[in-house]
Structure formats: structure tokens, C-alpha cells
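Number of protein chains: 2
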Amino acid sequence: MVSEFQRLRHLVRQRRKLRQVSQSTIALDAMGSDHGPEVLLEGAYLAVCQYPGLKVICTGPRSRLESILRHRGWHHPQLLVEDAPEVVGMHEAPSESLRKTRSSVAVAARLVQEGAANGMVSAGNTGATMATTLLMWRTLPGISRPAISAILPHPERPCVLLDVGANVDCKPRHLLHFAIMGYVYSRYVFGRRHPKVALLSIGEEETKGNELVFAARELIEQTDINFVGNAEGRDLVKGKFDVVVCDGFVGNIVLKFGEAVVEFILESIKREVQKSLVSQLGAVAMMPALRNFKRQVDYAEFGGAPLLGVRGNCIIAHGSSHAKAIKNAIRVAAEMAGAHVNDHIVELMRDNGLLKTPNDRGVKAAVLK
Amino acid sequence: MVSEFQRLRHLVRQRRKLRQVSQSTIALDAMGSDHGPEVLLEGAYLAVCQYPGLKVICTGPRSRLESILRHRGWHHPQLLVEDAPEVVGMHEAPSESLRKTRSSVAVAARLVQEGAANGMVSAGNTGATMATTLLMWRTLPGISRPAISAILPHPERPCVLLDVGANVDCKPRHLLHFAIMGYVYSRYVFGRRHPKVALLSIGEEETKGNELVFAARELIEQTDINFVGNAEGRDLVKGKFDVVVCDGFVGNIVLKFGEAVVEFILESIKREVQKSLVSQLGAVAMMPALRNFKRQVDYAEFGGAPLLGVRGNCIIAHGSSHAKAIKNAIRVAAEMAGAHVNDHIVELMRDNGLLKTPNDRGVKAAVLK
Numbered sequence: 002m003v004s005e006f007q008r009l010r011h012l013v014r015q016r017r018k019l020r021q022v023s024q025s026t027i028a029l030d031a032m033g034s035d036h037g038p039e040v041l042l043e044g045a046y047l048a049v050c051q052y053p054g055l056k057v058i059c060t061g062p063r064s065r066l067e068s069i070l071r072h073r074g075w076h077h078p079q080l081l082v083e084d085a086p087e088v089v090g091m092h093e094a095p096s097e098s099l100r101k102t103r104s105s106v107a108v109a110a111r112l113v114q115e116g117a118a119n120g121m122v123s124a125g126n127t128g129a130t131m132a133t134t135l136l137m138w139r140t141l142p143g144i145s146r147p148a149i150s151a152i153l154p155h156p157e158r159p160c161v162l163l164d165v166g167a168n169v170d171c172k173p174r175h176l177l178h179f180a181i182m183g184y185v186y187s188r189y190v191f192g193r194r195h196p197k198v199a200l201l202s203i204g205e206e207e208t209k210g211n212e213l214v215f216a217a218r219e220l221i222e223q224t225d226i227n228f229v230g231n232a233e234g235r236d237l238v239k240g241k242f243d244v245v246v247c248d249g250f251v252g253n254i255v256l257k258f259g260e261a262v263v264e265f266i267l268e269s270i271k272r273e274v275q276k277s278l279v280s281q282l283g284a285v286a287m288m289p290a291l292r293n294f295k296r297q298v299d300y301a302e303f304g305g306a307p308l309l310g311v312r313g314n315c316i317i318a319h320g321s322s323h324a325k326a327i328k329n330a331i332r333v334a335a336e337m338a339g340a341h342v343n344d345h346i347v348e349l350m351r352d353n354g355l356l357k358t359p360n361d362r363g364v365k366a367a368v369l370k
Numbered sequence: 002m003v004s005e006f007q008r009l010r011h012l013v014r015q016r017r018k019l020r021q022v023s024q025s026t027i028a029l030d031a032m033g034s035d036h037g038p039e040v041l042l043e044g045a046y047l048a049v050c051q052y053p054g055l056k057v058i059c060t061g062p063r064s065r066l067e068s069i070l071r072h073r074g075w076h077h078p079q080l081l082v083e084d085a086p087e088v089v090g091m092h093e094a095p096s097e098s099l100r101k102t103r104s105s106v107a108v109a110a111r112l113v114q115e116g117a118a119n120g121m122v123s124a125g126n127t128g129a130t131m132a133t134t135l136l137m138w139r140t141l142p143g144i145s146r147p148a149i150s151a152i153l154p155h156p157e158r159p160c161v162l163l164d165v166g167a168n169v170d171c172k173p174r175h176l177l178h179f180a181i182m183g184y185v186y187s188r189y190v191f192g193r194r195h196p197k198v199a200l201l202s203i204g205e206e207e208t209k210g211n212e213l214v215f216a217a218r219e220l221i222e223q224t225d226i227n228f229v230g231n232a233e234g235r236d237l238v239k240g241k242f243d244v245v246v247c248d249g250f251v252g253n254i255v256l257k258f259g260e261a262v263v264e265f266i267l268e269s270i271k272r273e274v275q276k277s278l279v280s281q282l283g284a285v286a287m288m289p290a291l292r293n294f295k296r297q298v299d300y301a302e303f304g305g306a307p308l309l310g311v312r313g314n315c316i317i318a319h320g321s322s323h324a325k326a327i328k329n330a331i332r333v334a335a336e337m338a339g340a341h342v343n344d345h346i347v348e349l350m351r352d353n354g355l356l357k358t359p360n361d362r363g364v365k366a367a368v369l370k
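The listed protein sequences correspond, in order, to chains H and D. Residues 2 to 370 in the working numbering are what the first sequence spells out, letter by letter. Residues 2 to 370 in the working numbering are what the second sequence spells out, letter by letter.
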């Protein structure tokens with residue numbers, strides 16, 4: 002039940018978010034995509050058209066990007082190009098990618114570092130994006146491992162799942178940090194008052210879990226975030242929790258599996274439908290309902306996965322993102338910047354006594370595999 | 002493309018399986034179910050009616066079971082009752098359950114141990130079933146941890162995923178044993194010639210994984226099973242592999258998540274459809290196609306999860322199984338017994354030098370949590 006008051010609150014939040022987006026400048030790594038730079042530039046163009054005031058700086062080989070923009074007629078005073086002559090391949094090792102200091106991802110990260118942009122978006126090589134931002138921006142004080150967070154779709158209550166692939170072998174304190182980062186993201190970007198945080202495990206009971214879960218639980222229980230216990234695999238789609246914490250190995254497998262299951266089901270139904278004419282007519286009649294459903298679970302609506310724990314705002318978009326997903330990723334990067342997510346993370350870390358020293362400079366972590 | 006030869010082979014295999022099922026006696030723990038003993042007895046009755054020659058011994062309080070059978074008119078010369086006055090609750094700790102030596106699950110396991118039955122089926126407390134069989138039957142030579150295997154549905158190529166919850170903190174050698182057990186199950190029960198075995202990880206490349214995956218990979222590569230490398234989360238529904246190995250923590254989360262996603266999607270579509278009359282008419286026309294699809298992914302068709310690695314054939318059925326699922330679980334237990342899965346596991350362990358001593362007696366492992 003949505004009360005009048007809740008609706009009003011929602012409207013106020015939407016307006017504030019819109020204002021924040023309109024005042025932002027986002028750097029877009031315009032070279033990393035399975036579909037080539039064109040869809041990225043289209044996403045950027047859609048974003049600046051939809052949000053007056055928003056500025057997008059696309060990084061990549063200047064002549065190539067400008068020729069696409071000219072050819073497609075995507076002219077907009079807020080859509081700029083910054084030259085980045087080098088390109089990082091999708092399968093290049095992160096350590097290799099770091100040598101290319103003038104790559105599209107490095108130039109985008111530098112724009113953020115220098116304050117010329119509030120955040121960045123990349124749909125390219127995830128390892129390279131992580132390595133670049135980590136090396137250039139470092140981690141937030143007290144945080145030793147950044148985490149990639151996926152937003153699991155739900156009609157009323159999207160769930161932040163982290164980590165989904167940045168860290169495969171985690172220590173309990175990493176899960177503690179993920180819990181804090183997820184809590185802040187859910188609270189300040191999704192506007193949940195007091196987000197429910199859970200640990201992904203094999204049963205709801207306290208006695209269910211592996212060694213990592215037991216140890217992490219003890220640490221998280223000592224903080225003042227709203228930790229509610231274990232979440233099971235089935236809870237991830239039920240809208241019971243706002244934040245679910247796990248190590249990157251489990252999170253990555255769950256995320257990829259979930260995407261594939263959705264695809265598998267829709268394709269199986271399609272195959273069955275094609276076997277009979279009556280079913281086909283039925284499917285046509287059901288189309289609007291199916292489309293509505295698809296919109297609910299479409300990752301493109303959420304625009305990408307925030308990289309949390311680094312000193313900057315970075316959204317990692319799916320390599321196969323289409324223009325709409327890129328537009329949304331740019332919006333989410335601007336919202337993340339406007340919500341001061343990183344400041345709030347540091348504050349919550351400090352309040353819980355998790356900063357090692359008052360002047361913690363963050364860790365320049367080893368480059369990830 | 003299915004050739005004439007393949008069709009013939011399939012037919013021969015089906016006939017052989019049917020013969021095996023008809024010669025079996027299966028013990029059914031008739032008390033463990035979310036829906037009460039009635040659905041279990043109905044499943045048993047369906048099984049003996051469908052497979053002439055198959056015998057099912059239902060364990061539980063004699064008077065209660067017999068009164069249900071009498072009341073429902075389920076009389077069959079091959080459907081017997083064995084008295085087991087005690088009952089294990091769904092939330093009872095496994096260690097507690099072991100004290101009840103005359104519980105329905107203990108009596109069923111004893112029937113197998115004494116050779117009065119070839120296998121057993123339980124839809125009750127999984128921990129209690131594992132603890133009972135482990136203590137009474139012990140593990141197979143060389144195997145230190147039994148594994149619960151789930152059968153992931155696929156129209157052409159069902160995938161054996163193990164472990165899905167018996168072992169949360171695994172050592173590399175446990176994953177090696179799971180690989181061997183899964184290989185044997187796929188080969189001798191599903192009739193795959195040379196099953197493709199993979200390790201569940203975060204990427205297909207050899208460099209992707211956590212410490213456990215790297216170490217297990219090294220061990221599995223030394224065996225002569227058909228190990229093909231890493232499987233990603235998305236591969237689980239794509240019919241690329243016959244066996245996928247993981248620790249029970251990951252497997253359990255993936256399995257529960259997958260079940261919930263399927264439910265979530267079908268319910269979301271239903272909700273959307275109900276919003277318009279045209280969609281509703283469309284859904285009616287699509288019904289046969291949707292039903293076909295549901296049959297493909299319905300766990301009830303696969304009947305339950307084989308418990309591998311113990312000296313006996315045990316199928317763990319879903320607590321919420323309906324009669325059809327129980328009937329299929331009984332069939333699968335009989336097929337597993339007829340295929341001599343356990344003998345083949347021991348043989349493969351021996352061929353790969355994995356039996357500690359020629360007369361390895363198996364481990365009476367500590368009772369699981």
C-alpha cells in the first residue's frame with residue numbers, strides 16, 4: 002500500500018535526483034563495448050537530450066568519435082569528446098591495460114581524478130576498469146577491496162547484491178565492508194530509510210553457513226547497520242532484503258546464472274509457442290504483458306553495476322549494453338555522485354570505528370587478475 | 002538431429018531401465034513430507050501400478066499408514082508397510098534424529114542395509130536422512146564426503162550439479178570425488194557415453210576461479226574422466242555440460258535461486274496478464290505451450306536428488322513433492338540401483354588410484370550439522 006505521504010516523498014526524491022543529474026558531468030569510456038562505439042555515443046546523446054544541464058565527455062580516438070557524431074547528426078553543446086588514442090581490448094589482461102596511459106578508460110578515470118567529471122561509465126573490459134580506477138583513485142579509507150554491486154530487479158524493492166566478481170577469495174572483514182557499502186548505496190541512491198542487510202547463505206538459521214559466513218556475521222553484527230541475518234538463494238528475487246552480501250565467486254555465479262535462467266525461460270516459452278498457430282495468436286495478445294514483465298527484469302533499466310569502495314564514482318555497464326542501458330548508466334553515475342555515496346561510506350566506516358587511522362590514505366591494491 | 006541409430010539406442014536403454022525398475026524393491030520413508038504421508042503413499046501406489054514387478058515398502062506408524070491405504074482404496078500386492086513408530090521432525094537436528102532408531106527414515110535405511118530393499122526414498126529432513134544413511138551405510142571406499150546431486154532440467158541434456166548442500170566447506174579432494182561420482186551417475190543413469198565434466202567458476206578461462214577451484218582443477222585433470230574445464234553460471238542452463246561440480250555452499254545457493262527465479266518469472270507474467278482481458282485470452286491460447294514448458298523444467302519429472310557417495314541408493318525428494326514427484330523418485334532410486342552406480346564409482350576410484358587401501362572400509366563421518 003502506497004500512502005499519499007509516501008508518494009509525496011517519492012516525488013520529492015525524484016525531483017532532487019533530477020536536479021543532481023542535471024548538474025553533473027560524466028566521463029564515458031566510449032570505446033569499450035561489444036557493439037562498438039556507436040551505441041555508446043547514442044546512449045550519451047540520449048542522456049544529454051533527456052537531462053538538460055547534464056554534460057557527458059566521451060573518451061576515445063577523437064577523429065573516430067567525431068566522425069560518428071557528425072555522421073549521425075548527434076550534435077549537442079553538452080556532448081563533448083576528449084581524445085584518447087589508445088584502446089584496451091576486451092580480453093586484455095588488466096596488468097597489460099595499465100601500460101596504456103592514454104586509453105579511453107584511463108582518460109575517463111583521469112577526468113574524474115582531476116575533478117573535470119563527477120563520475121564515469123565504462124562498458125569495456127571490467128578487469129581493466131577496476132585496475133585503472135584502483136590505481137589512479139585508490140580505495141576509500143579503511144576499505145581494502147572494492148566491490149562490484151549488481152542491482153537485482155524487483156517491482157517494488159530492487160536488491161543490491163555485492164560483490165559479484167571483483168574478489169573471489171574474501172576475508173570476513175571484506176564482507177563487512179561490502180555490507181557497509183551496500184547499506185549506504187541502498188539508503189542514499191534508492192532512498193530506503195533503513196535498508197535491510199543480509200548475508201547470502203544456505204539457510205536462514207544462524208547455524209547455517211560456511212566458515213566465512215560465520216566469521217563475517219560476527220563482525221557485521223557489531224556495526225549499527227540494519228543487519229537482519231542470513232538470506233537464502235531464493236530470497237534474492239523475493240524483495241525481502243535491500244542488500245545481500247557475498248564473496249565475488251558466489252555473487253558472480255549467481256548473477257550469470259540468473260541472467261541465463263531468464264533467457265532460457267523466455268526462449269523455451271517462445272519455442273513452445275511456435276509449435277501451434279493458436280499459441281502464436283495467444284502470444285500476440287499477451288505481448289504487452291510480456292513486454293511489461295521484460296521491462297521489470299531488464300538490467301538495462303538499472304543501467305549498470307556501481308563499483309563501490311574506490312575514491313570516485315564508476316558505473317560498470319554490461320559489455321552488450323544498448324544505447325538505453327548506457328543512457329541509464331550515465332544517469333546512475335550522476336545520481337551516485339549527487340548522493341555523495343563515497344562520503345557516506347567513509348562516515349559510516351568512521352562511526353563504526355573501521356578507519357585504521359584518521360588520515361587513512363586507502364590502499365593501492367595489487368592489480369587484479 | 003536424432004539419427005535412427007540414436008533412437009534405437011535410446012529405446013534399448015529405456016527397455017533395460019524398465020526391466021531394472023520392475024525387479025527392484027524400494028523403501029519409502031512415508032512420514033517425511035510437507036504435505037503429510039498421504040501424498041507419499043499415493044506416489045508409492047502410482048509407482049507399483051505403473052511398473053509391474055516393482056515393490057515398494059512404506060515405513061511409518063503401521064496403523065496410520067494402513068488406515069490411509071484402506072480409506073483411499075490403494076490396495077496392491079506389491080505395496081507393503083513396515084512399522085516405524087517414531088517420526089523425525091522437519092526441523093530436528095540430525096544428531097537428535099539419530100537417537101530415534103525406529104524412525105521411518107531409520108527403518109527405511111535398515112531395510113536397504115539388510116538387503117530387503119535395493120534403495121530408499123525420503124522427502125523428509127535432509128540432514129537426518131544424510132546422518133542416518135552415513136552412520137548406517139558408511140561412505141564408499143575412498144570417499145570422505147557424500148554429496149547431494151541436483152538434476153538441472155534441459156530439454157536434451159539434463160545436467161548433474163553437485164554438491165548442492167551436503168558440504169559447505171570443501172577441500173579440493175572432495176570436489177575431485179564429486180567429479181567422479183557425477184561422471185558415473187551421468188554415464189550409467191542418463192546413458193551419456195562420455196559425460197562432459199566441468200568445475201563451476203567465474204569464467205571459462207583457466208585463470209578464472211578461486212583457490213579451491215584452482216586446486217581441484219589440478220586434481221581432476223589427473224583422472225581419466227572427461228574433464229573439460231570451467232563452467233560459468235550461465236552454462237548451467239545451456240546444455241553444454243553433463244556434470245558440474247561445486248562446493249555445497251555455492252550449489253545450494255544456485256539451486257534455490259534458480260527455483261525462485263522460475264517461480265518469480267511465471268508469477269510476474271501471470272500478474273501482468275491479469276491486468277487485461279485480451280492478455281488473459283492470449284494466455285488461455287498459450288496454455289498448452291506454457292504447460293509443455295513447465296513440464297520441461299519441473300523438478301517433479303526428475304523425482305529428486307540422488308545422494309551419492311554412501312553404500313546404498315538413496316534419493317532425497319523435495320519436502321513439498323506431490324505424488325507424481327514421489328513416483329518418479331521411486332523410479333529413479335530403482336534405476337540407480339539397477340545401474341550399479343556405486344559399484345561403478347568404486348571401480349573408477351580404484352582405476353584412478355584413489356582408494357587409500359585395497360580394503361578401504363569407508364568413513365563413518367561425523368554427523369553433519
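No lab work stands behind these hints: they were computed from the structure. Here the structure is a predicted model, which means the values were calculated and not measured. Be aware that one or more of the hints could be misleading.
Note that the list lumps identical chains together, so a pair holds whenever it fits in one copy or between two copies.
The list that follows gives simulated cross-link-like pairs (lysine to aspartate or glutamate, EDC-like), each with its CA atoms no further than 20 Å apart [what the hints assert, rightly or not]:
#1 Lys257 to Asp236
#2 Lys325 to Glu39
#3 Lys241 to Glu206
#4 Lys197 to Asp352
#5 Lys101 to Glu115
#6 Lys239 to Glu260
#7 Lys172 to Glu212
#8 Lys241 to Glu205
#9 Lys271 to Glu5
#10 Lys239 to Glu206
#11 Lys276 to Glu67
Here's how the hints hold up against the structure:
1. Lys257 to Asp236: both (17 Å within a copy, 9 Å between copies)
2. Lys325 to Glu39: within (12 Å within a copy, 53 Å between copies)
3. Lys241 to Glu206: within (16 Å within a copy, 35 Å between copies)
4. Lys197 to Asp352: within (19 Å within a copy, 52 Å between copies)
5. Lys101 to Glu115: within (18 Å within a copy, 70 Å between copies)
6. Lys239 to Glu260: Answer is both: 16 Å inside a copy and 12 Å across each meet the 20 Å cutoff.
7. Lys172 to Glu212: both (10 Å within a copy, 13 Å between copies)
8. Lys241 to Glu205: within (12 Å within a copy, 32 Å between copies)
9. Lys271 to Glu5: This pair counts as neither: shortest intra-copy Cα distance 41 Å, inter-copy 28 Å.
10. Lys239 to Glu206: This pair counts as within: shortest intra-copy Cα distance 18 Å, inter-copy 33 Å.
11. Lys276 to Glu67: Answer is neither; intra-copy 48 Å and inter-copy 46 Å both fail.
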